[in-house]
Amino acid sequence: MTLIKYGYELDTAFDWSFPIRLHSLKPTVLSLYINHRKAGFIMILVGIDVASIKHDIVITNHLGEVFNKHFTIENSRLGYKKLLSEISLAKEFFKDSNVRIGLESTGHYSRNILHFLILEGYNVMFINPLLTNMDRKASSVRKTKTDSIDAKAICMFLIRNQNDFKPYTLLSYHIDELKILVRQRKSLKKQLNKTSNQLKAYIDQAFPEYHKIFKNTLSNASLTLLESYASLSELKRVRTNTLTELLKKSSKGRHGLTKAEVIKEFVKASIGIDSESLSLSIKQSVQTIKSIELQVSQINDLLEHHLNQSKTTLLTIPGIGIQTGAIILAEIGDINRFKSDDALLAFAGLDPSVYQSGKYEGSFKISKRGSSILRWAIFQAAKITVMHDPIFNAYFLKKKSQGKHYLTIIGHVTKKLLRVIRSILKNNSVYTVSH
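Just so we're aligned: 410 in UniProt numbering is position 410 of the sequence shown, and the numbers increase by one with no gaps anywhere.
Read the hints as simulated data drawn from the structure, not as lab findings. Incorrect hints may appear among the rest.
What the hints assert, rightly or not - List time: in silico BS3-like cross-link candidates among lysine-lysine, alpha-carbon distance up to 27 Å: (1) Lys200 x Lys215; (2) Lys248 x Lys268; (3) Lys248 x Lys259; (4) Lys268 x Lys189.
Quick caveat: nothing in here was measured; it's all calculated off a predicted structure.
Generate the whole structure from the sequences, applying the supplied hints.
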């Protein structure tokens with residue numbers, strides 16, 4: 001086993017107790033090394049260049065001295081165990097157990113090894129690849145880019161930013177989980193809206209009068225009926241008592257014989273097209289809608305779980321529930337990224353945008369340049385907050401007395417609410433109403 005520094009290999013068989021025989025190190029580096037060892041400042045740094053199939057790794061101490069050599073592990077359980085083994089050897093070699101690990105945030109490939117290392121109790125930091133670019137260039141004079149250089153650049157970044165090391169925490173993990181769930185929920189809601197519109201179009205052709213029978217086409221009673229009888233001929237054949245029982249069960253008793261008789265009357269006079277293809281399309285659309293709704297329900301349960309596990313105090317604000325709270329926490333992420341209220345407002349696209357030309361200056365409107373889903377969540381929360389919180393309600397009434405439109409007032413409320421949210425998240429405090 002060797003220690004490599006400035007191109008020299010140092011035999012690990014040497015006695016590393018003081019005085020250390022590091023004859024190949026520059027005097028200034030040797031002096032710094034000895035002083036740090038005496039003060040107990042040794043730190044082991046692990047740089048991991050993540051890829052889909054394998055990961056390249058460099059281990060150094062806080063002075064940049066490389067332990068052993070660059071090595072590669074498979075993206076597998078055996079590979080991860082090899083990494084732990086190498087870290088253990090480095091701990092023994094450097095006689096220290098303070099380990100910091102750096103990963104570039106290069107997408108989903110890093111999530112598995114990150115999760116593994118977190119569970120093993122290691123401090124891991126996600127690093128923006130742009131920040132390691134300087135160290136990557138410093139690792140090689142030539143314009144080359146190799147996995148070993150990338151891994152060493154991560155170590156160099158950790159060395160240069162020892163005082164700004166921000167480990168990935170369990171809160172970060174839950175926020176990442178929320179991000180995935182929030183985006184999946186948004187995608188499913190988009191599919192649900194599209195399929196619902198298709199269903200409406202099919203019903204308009206097959207049974208145009210149906211919307212007079214059910215105001216909410218997506219109610220459980222409506223969907224259950226359409227899944228069983230989706231054409232005029234099917235509805236004509238079904239017996240009234242069979243239809244009554246189906247409606248009673250699917251509506252939990254809200255509908256029954258009266259609704260069944262109304263359906264039968266509308267069917268007789270309908271101008272709909274009795275089509276097998278429309279019937280099949282309606283039934284498949286209903287099945288798709290039910291499947292999507294089930295998936296959304298499962299996501300909602302998991303959103304609540306991760307919100308609870310994150311220990312966030314965000315839900316103490318009146319008007320912020322599970323869905324809106326999950327979106328807000330997921331989209332904002334680390335609140336320390338935002339140095340001011342204005343920075344967070346800009347991220348949400350709630351900062352003012354004004355049109356000005358010559359002496360003319362238009363009215364202020366929000367820029368809408370930031371996260372649209374965060375902006376939506378804040379807007380929904382604001383509408384509820386003004387009804388349940390006395391401070392926000394008083395603010396709402398004040399703006400209303402000034403003759404402002406409802407949506408304009410809610411726009412002002414969103415900005416006030418976002419400032420409260422930043423304070424709550426930054427201080428991890430509980431929202432209270434001060435009188």
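Outcome of the hint check:
Between Lys200 and Lys215, the direct Cα distance comes to roughly 12 Å. Compliance with the 27 Å bound is thereby established for this hinted pair. With a C-alpha separation of about 22 Å, the suggested pairing of Lys248 with Lys268 holds against the 27 Å cut-off. For the suggested pair Lys248 and Lys259, the alpha carbons sit about 10 Å apart, so the restraint of at most 27 Å is met. Distance restraint check for Lys268 and Lys189: the Cα-Cα separation of roughly 36 Å exceeds the 27 Å cut-off, and the hinted pair is therefore not satisfied.
In summary, the structure is inconsistent with hint 4 from the numbered list given earlier, while agreeing with all the others.
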